[in-house]
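Asker: Each chain, written out:
Number of protein chains: 2
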Amino acid sequence: MTGTITVAGLGPGDEALVTPQVRQALDRATDVVGYIPYVARVAARPGLTLHPSDNRVELDRANHALTMAAEGRQVVIVSSGDPGVFAMASALFEALEAWQGPPPQIAILPGITAMLAAAARAGAPLGHDFCAINLSDNLKPWDLVEHRLRLAAQADFAMAFYNPRSASRPHQFARVLEILRQECGPDRLITFARAVTTPDEHLLTMTLAEATPEMADMRTVVLVGNAATRRVGDWVYTPRRAG
Amino acid sequence: MTGTITVAGLGPGDEALVTPQVRQALDRATDVVGYIPYVARVAARPGLTLHPSDNRVELDRANHALTMAAEGRQVVIVSSGDPGVFAMASALFEALEAWQGPPPQIAILPGITAMLAAAARAGAPLGHDFCAINLSDNLKPWDLVEHRLRLAAQADFAMAFYNPRSASRPHQFARVLEILRQECGPDRLITFARAVTTPDEHLLTMTLAEATPEMADMRTVVLVGNAATRRVGDWVYTPRRAG
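Protein chains in written order, with the working numbering: chain X, 96 to 338; chain F, 96 to 338.
Extracted from the complex, chain X is given alone in its bound form (with noise of 0.2 Å):
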């Protein structure tokens, strides 16, 4: 049997976010690899093995999928969200880019990516023109992070903020909330929405003045509105119309 590897994203926690193409993919599955949490979000069931593995060793996780597809087996890897967004989909495609067997069967299947859960959660904040930023400087320079920063505010995007804080750059979060005070003023509306869909959710929509760099932490995703940002009632929404 030809091997496959299919990326599935299980969504934000809910289950009755996960759609019913990713839940047939893993009910086909032989193998499953991901990240601990999201695995364990897997069904034990005879003929499927589960590989849980640690955070950070994406390329590892995709190469071992690569190999297991060779040998002929059906391979899901497991994203929170969308694989797509700051998730394994490009992690498979670097390492395939490297690959040196066969290139096996893929398929990518779109989840409900964090922040629009995150967004429905709250009303409408991302509901005009808007941008995804990843602020770990894991994989980027922290320079890179404050000019896009910058160049978004002064688009006038409403944002959405993924890994906006670790224990290992604490700092960097205050930075970007004064980055985000100096372009957007201490007014603009912003959301902490963190562990959305889960039994721990919790949302805390405040202004930029009254923002601090401990309500984000590494399950939280942070949305910021643009200059037209508003409350209706206990809702947060950006009107569609600009300018």
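Since the hints were derived computationally from the structure, they do not count as laboratory data. Be aware that one or more of the hints could be misleading.
Claimed, not checked - Now the stretches of chain X that chain F is said to cover, found in silico as 3 or more residues with beta-carbon under 8 Å:
1) 108-118
2) 172-181
3) 192-205
4) 224-236
5) 249-255
6) 329-336
C-beta atoms are modelled at their ideal positions from N, C-alpha and C, and glycine is treated no differently.
Fit chain F to the supplied structure of chain X, relying on the hints for placement.
Answerer: Quick look at chain F alone, frame taken from chain X:
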């Protein structure tokens, strides 16, 4: 019974991409409102009234939903893709802002938005920081579109364009391609993804030098890579690493 409004994303077209959460909301609805082709995706059943409406009447539709919810109905507003991305969620909150009655219970249910479905079919072109821009000038001045495009290119975002081209403004997308060639150079990769996940699906990737305006229509999402976006086999991907 208290009325409710649920704004639900149906995804890009394939029924296997409709989340169980959205399916359940549709099963419980007494009324479904939305643009004609989206309401056509909802199966008729006893106890459910379908209210299809024309395009560009988003506020009328939102007010209709508010009126029915005030009468105790369980209303679902359907959007294609994700309701928070250039769709009905913002329109509902705009209508709610002007609404005189008591506010109904509201829920926004995310869906697979077109750019992420298109990216998955192409590979992982949005695998690094990216932005989403609605190229229609119905709701914003064209100058703002051009300004945003240039800043997005200077920030080296990968880009997704919704509503790239309509019969009423065919020249504007030609101008977009011209600006992109100026800012990103002729070799930058661009993907035209039409009617993704439907029987009419058609994907085409090329360089900006090779792209022509008529490759896009209103059923197309256009994806533009960043400076590092490249091909591997038949796939297009943006590496996670930058700078």
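Asker: Give a verdict on every hint.
Answerer: Hint by hint, here is what the structure shows:
Figure legend: the stretch 108-118 of chain X, annotated as covered by chain F; annotation consistent (8 residues with Cβ-Cβ distances under 8 Å, at least 3 required). Only when three residues or more bring their CB closer than 8 Å to a CB of chain F does the claim for the stretch 172-181 of chain X stand; here the count is 5, and the claim holds. Given as covered by chain F, the stretch 192-205 of chain X passes the check, having 6 residues with a CB less than 8 Å from a CB of that chain where 3 are the minimum. Given as covered by chain F, the stretch 224-236 of chain X passes the check, having 9 residues with a CB less than 8 Å from a CB of that chain where 3 are the minimum.
With 4 residues carrying a beta carbon less than 8 Å from a beta carbon of chain F, the stretch 249-255 of chain X meets the three-residue requirement, and the given coverage holds. A stretch counts as covered by a chain when three or more of its residues have a beta carbon under 8 Å from one of that chain; for the stretch 329-336 of chain X and chain F the count is 6, and the coverage holds.
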